[in-house]
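J.: Sequence:
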Amino acid sequence: MTLQHIDILDIVFQLIAFLFAISIHESAHAWMANLRGDPTARMLGRISLNPIRHIDLFGTLLLPAVAMLTHLPVLGWAKPTPVDPRNFKNPVLDDILTSIIGPISNFVVACGAVLVLVLVKSLSPRGGQIVFGTLSGSDFAETSSFLVLFCKLIFELMVINIVLGVFNLIPVPPLDGSHVVRHLLPAGMLRIYDTVGTFGLLLLVFWGGGLLTKLINPVFALFIGVLLRI
Numbered sequence: 060m061t062l063q064h065i066d067i068l069d070i071v072f073q074l075i076a077f078l079f080a081i082s083i084h085e086s087a088h089a090w091m092a093n094l095r096g097d098p099t100a101r102m103l104g105r106i107s108l109n110p111i112r113h114i115d116l117f118g119t120l121l122l123p124a125v126a127m128l129t130h131l132p133v134l135g136w137a138k139p140t141p142v143d144p145r146n147f148k149n150p151v152l153d154d155i156l157t158s159i160i161g162p163i164s165n166f167v168v169a170c171g172a173v174l175v176l177v178l179v180k181s182l183s184p185r186g187g188q189i190v191f192g193t194l195s196g197s198d199f200a201e202t203s204s205f206l207v208l209f210c211k212l213i214f215e216l217m218v219i220n221i222v223l224g225v226f227n228l229i230p231v232p233p234l235d236g237s238h239v240v241r242h243l244l245p246a247g248m249l250r251i252y253d254t255v256g257t258f259g260l261l262l263l264v265f266w267g268g269g270l271l272t273k274l275i276n277p278v279f280a281l282f283i284g285v286l287l288r289i
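In my numbering, the protein residues as written are 60 to 289.
Keep in mind the hints are simulated off the structure, nothing from the lab.
As a list, the in silico EDC-like pairs of lysine to aspartate or glutamate whose alpha-carbon atoms are at most 20 Å apart:
#1 138 x 154
#2 211 x 66
#3 138 x 253
#4 138 x 115
#5 211 x 69
Could you put the whole structure together from the sequences, leaning on the hints where they help?
T.: Next up, the structure:
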């Protein structure tokens, strides 16, 4: 693979969108934990949109870089937000809320991106052409005007937040979705569930592309459908 086969601009936009998405995600975890009585993450400065505070070498840098260069969906994770459940008043409910707020925050950002694209589309016929060109990936969307570049960045922001939101809801430890399932399991099964979780996550990341696509596509289609209809 040579640099001629890599759209550098797309990679830059994906990187910006990814770093923002994980910062929102982890800040939401830290914010909710603090709200529910655990100040651990807040005291460590994790309620922050500064991506440096959340970077994990493999999950934030290496894995997303490989995905971007090979044109795969940008997957990854940040440094886990430290949570001490002993500080929660209602350990089960508070743990679930702290976990699911991360994916929810990604979907909120994706909704915001849709609204921005709708606004651009409604401002002028030119804006509508640029938005539709960006959605279709046509050559028209490859021009260098500011509005085209802006729409491409917002589109990447929508896509990556959808991918991260769906990915983190999968009930495989240590993903956020597992924090709901684990409270429904008896102690014996819980130990097995947590033990095999890391292996399950690796299998999901490296060989679960088909499953991830089936989970992500309907959500992505929903967002695109809303964007086209408004």
